[in-house]
Amino acid sequence: MSARVGVVTFPGSLDDGDAARAVRVSGGEAVRLWHGDRDLHGVDAVVLPGGFSYGDYLRTGAIARFAPVMESIVDGARAGLPVLGICNGFQILCEAHLLPGALTRNSHLHFRNRDQWLRVHASNTAWTNSFETDQEILVPLKSGEGRYVADQATLDELAANGRIVATYLRGNPNGSERDIAGVTNEAGNVVGLMPHPEHAIEALTGPSLDGLGFFTSILKHLAGASA
Amino acid sequence: MTTQPDTASSEAALPERAAAFGGPDDPDTVERAGATADELQPFAELGLRDDEYERIRGILDRRPTQSELAMYSIMWSEHCSYKSSKVHLRQFGEKQPPSDRMLAGIGENAGVIKINDELAVTFKVESHNHPSFVEPYQGAATGVGGIVRDILAMGARPVAVMDPLRFGAADHEDTARVLPGVVAGIGGYGNCLGLPNVGGEVVFDPTYQGNPLVNALCVGVLPVDRLQKKDAAGPGNIVVLMGAKTGRDGIGGVSVLASATFDDGSHARRPSVQVGDPFTEKLLIEACLELYDADLVVGIQDLGGAGLTCALTETAAAAGTGMRVWLERVPLREPSMEPHEILASESQERMLLIVKPEQLDAVLGVAEKWGVLATAIGEVTPSEVSGLPGRLRITWRDHLVVDVPPASLADDGPVYARPMREPADLILLQADRAETLPRPATPDDLKATLLRMVGSPNLCDKSWVTEQYDRYVLGNTVLAQPEDAGVIRVDENSGLGVALSVDGNGRFARLDPYNGAKLALAESYRNVAVTGAKPVAVTNCLNFGSPEDPAVMWQFAEAVRGLADGCLELGIPVTGGNVSFYNQTGAAAIHPTPVVGVLGVIDNVADRVPIGFAKPPTGDGDLIFLLGETANELSGSEWAWVTHEHLGGVPPKVDLAKEQALAQVLAEAARVGHLSAAHDVSDGGLAQALVEACLRNGVGARIALPEEFSAGSMPFVYLFSESAGRAVVSVPRGHEKAFTGLCAEQGVPWTPIGVTDGQNAALDIRGQFSVPLEELREAHTATMPALFG
Amino acid sequence: MARVVVDVMLKPEILDPQGQAVANALPRLGISDVSSVRIGRRIEIEFTGAADPERVREIADKLLANPVIEDFTIQEVAEEAVPAGEPS
Amino acid sequence: MARVVVDVMLKPEILDPQGQAVANALPRLGISDVSSVRIGRRIEIEFTGAADPERVREIADKLLANPVIEDFTIQEVAEEAVPAGEPS
Ligand SMILES: Nc1ncnc2c1ncn2[C@@H]1O[C@H](COP(=O)(O)OP(=O)(O)O)[C@@H](O)[C@H]1O
Ligand SMILES: [Mg+2]
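Taken in sequence, the protein lines are chains E, S, D and U.
When the letters of the first sequence are read in order and numbered with this note's numbering, they come out as residues 1 to 227.
When the letters of the second sequence are read in order and numbered with this note's numbering, they come out as residues 1 to 789.
When the letters of the third sequence are read in order and numbered with this note's numbering, they come out as residues 1 to 88.
When the letters of the fourth sequence are read in order and numbered with this note's numbering, they come out as residues 1 to 88.
Among these hints, one or two may not hold up.
[What the hints assert, rightly or not] Here are a few chain D residues that face chain S, going by a calculated C-beta distance under 8 angstroms:
hint	residue
1	M1
2	A2
3	V8
4	I14
5	D61
6	K62
7	L63
8	P67
9	T73
[To be verified] Non-contacting residues of chain U with respect to chain E, defined by C-beta distances greater than 10 angstroms in every case (computed):
hint	residue
10	R3
11	E13
12	P17
13	L26
14	R28
15	G30
16	G49
17	V77
For the record, the hints were derived by calculation from the structure and aren't laboratory data.
Beta carbons: idealized from backbone N, C-alpha and C, even for Gly.
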């Protein structure tokens, strides 16, 4: 039986269909979850996709955090449920305090969509175990509020404990502290990522196939856990 | 919506008119109108002519009420009635080539084209010029929002947008104000809606100073059997308003009608800019699609220009039914709004639905699921006992304020055959040919010209703009800017997809509007063809000055004639479009600017051909061919403008039969895999096309000019002429015989001009110069950041 | 060392999607007695010397607010120790 | 019908690129005596009844501001003539 990966749709989610496609292309079963439904329908892992939940008008992720489904996801994540937040999903995870720090307006004040080189540092999380440490990958970035900030102590702690999942290479596209593109929680089951791996899974529609690694990682992780 | 003359001016022109009535509790009723036939009404301030006002009185057999007057004034405006353009636009229908693909055409919210037995696409381009000059961010944002709702109204899921933009001189201070706002607005709305932006144009020319052009195109996909109608069919059916609350947005000239309270409350009465709420629009899209799939909609119409007035009258007129509306049921953002304001409001993110009474609860349930407001505001009524079509009757708190035949507003507006005259300066302008201008004389001059050209505002790299747009969302973008056309996968299983391009060249149209329109069509058609897609349908946005100027009217008529003739020659129908008049400052009109969108179909998007040369594994790579013929055609060219600020002569010749042959070669060659790259040759000529093909993947090329173009100023002509009907392609080794055979078969001239270069990252023009790609890239990419930060 | 605060709010008749989104979210936090939320910008400007009211008005009008859709108000604040962080 | 204003500003140590952009634009308007510009949000909340300070604080803390990067202040304002319309 293939692993069941939930993909949440909030009002204003945009890349939910793409995240589900990425799960499928990697061999998993994508299960669509609805923001208003507390029930996680027994999924083995959850993806919070990109988009503009609730328009992101107040502050990115600020309102989505209070959606009923988030209560179950927060509880689940604390108990070890693997959760990947992409872009808006990352912002929601920070707002929900599952990940430290916050994502703020790009320092150049523009939305930026470009194919971005990253270095994957932490290859021991539930979502990155298919990568080699320090592997360089190319995935699309598209966000207006992608600048990761946290206080120095938190940043030091992240760096010291291998919790910086990925950093921007060849130019910091948004002013993120320490070029941070993604971080994980202490347990390594919750990962937030600003760029969009779900848009790098097919040669036809993406700049590379590098994004697949995040989705094959979770399948591997779940297979290992159930073995 | 089309631009109107400055909306604020009608306010300035307000007469000191003591209003005898007004106030939401004391509206001007039908009864009152019947009894006070001679009451003065501010019809002129509302833009209606004496004879138009008399016609309204004739139709109603009394004076109109205040609300009715507001409705006629907006529905009979240029923007809604097409009164100056109608007589010309008819040609699109009359000259329409037969097409078994077209499921809906002109007259609908957007044209619909079948792409296989199950699927159809719908697409349309519209202008939001004037609002974007007043408030660049919101003007552009709501332009995207508006065109998306047109696509949605056809039953389609919107899947991509494009944005043809034109601004004044790149270094003008207005451009510095307008461009960043427009770009942010288009990105802000489209990104938040989750629609990939797959192409557009960014053109600078002083002609657009004070009148920037913000056109927006949207394309959507629908199952053939989900096509929606706007007809308010079935007496007894319920009229539902869904989406945002109604506020005093974009009320424009109708604010003249504000009565007694005008003096004290003048501030609040100002026509206000429309503010977009893409989040609400996203929910509206999802709610509508769910309603379509559950078959809960009898008819649907978007609310755009003229708001509720337009939607109510058009849906009723389309079905010949009447309608009964309780206006106080419309949810308001501002409780103090008066009936005529509610009817005229252009608040965004609203749709009008006709639903069966027994399905109303289900409809409201879907709306609630998506968190959008939906309110029953009226019901469809039968035709009159006399057999005449039904009437639209609107009450406001039990007062009858509107009682009109809907078609008199929606279909039977005034139609004018306005006077036309060729612009007096055209003969002189055409005689002043760019072919006689001084040309670069040495290889060094030529190289310097190339570097200046690739960095000039119209030819430079536009990623400063396009990086602000999401191109990836929905996961079906196969090609997007800076490719020649956007290519979208429609069916993941079969790979079926569509290609779209939008093009226009105001300079060419200024020099010759008939051929200028054909050239815009040819370029758009070619841009679709180079991707390997087969062009099948056309949309257009006609941006012109004032129709009351006979010279502008002549330009308009010529452009429409050119486009209609061109489409007939190419065998592809015009499926819809939009007219924007009054793009003019004082007596000076913009260059006539027909913007043409072409839709193509590609059976398998995996066959699509990109513009960039492919990186050869080693040494010499693919063979480079120029298809088509190059003539000494420099008038209206980018070179003449960049180098001499010159505009004169006649534009390049256009031969649509040759364009068709070229398209056939490209489609077939793409399908069988003869092409590794293909790039349309247009603005900036072959030189620009080569630079772009090289820079895309950082692959060099060695070019040898043909014998007859190797001496004197002929290399310059070969590189910078803007002759139509050309494309530069790269052909993998081993395919050249078959490829040139195909060209011969279709009668397309080909010239081998060089090879891609895996060793040297440079563009080398033998006997002339060689430029490292890095130097070209620097020149090409520095311009926009230097101008806009 | 004058400190001036410019508050920029959308004109009352202009749609405020931000405020609306927040207002709609409140019930989920158990708050049902809010009738309206409007969101604008608060801009704190610090001058090296005294603040010329005319100049501040000009800055607000030209740069900080978009007079087509926004109104602004200006107030000079006591140059107290900056509002120390946290809630008042 | 209480009216409460919540001002949310980025913490001083967090980079405020918007404020900086404005500060950088000022010299072009001939203004050179501004030492700093910070831009935050001003949120006006209208309650149907009285505003419970505790609840307002809770809304601000949980929803309106992100304490990781922002500070807020709350003030209740005179319940002057309600701004014309717009119940969200
Ligand atoms: N330049 C044009 N070419 C073809 N059709 C046009 C053109 N301008 C307007 N139309 C058609 O006229 C009809 C009315 O246009 P419009 O009022 O702009 O529609 P909507 O209100 O749905 O935006 C539409 O079907 C539109 O496609
Ligand atoms: Mg329409």
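To see whether the hints hold, each was checked on the structure:
no.: 1; hint: M1; result: violated (30 angstroms)
no.: 2; hint: A2; result: violated (29 angstroms)
no.: 3; hint: V8; result: violated (14 angstroms)
no.: 4; hint: I14; result: holds (6 angstroms)
no.: 5; hint: D61; result: violated (14 angstroms)
no.: 6; hint: K62; result: violated (11 angstroms)
no.: 7; hint: L63; result: violated (11 angstroms)
no.: 8; hint: P67; result: violated (10 angstroms)
no.: 9; hint: T73; result: violated (15 angstroms)
no.: 10; hint: R3; result: holds (19 angstroms)
no.: 11; hint: E13; result: violated (8 angstroms)
no.: 12; hint: P17; result: violated (5 angstroms)
no.: 13; hint: L26; result: holds (16 angstroms)
no.: 14; hint: R28; result: holds (17 angstroms)
no.: 15; hint: G30; result: holds (23 angstroms)
no.: 16; hint: G49; result: holds (23 angstroms)
no.: 17; hint: V77; result: holds (21 angstroms)
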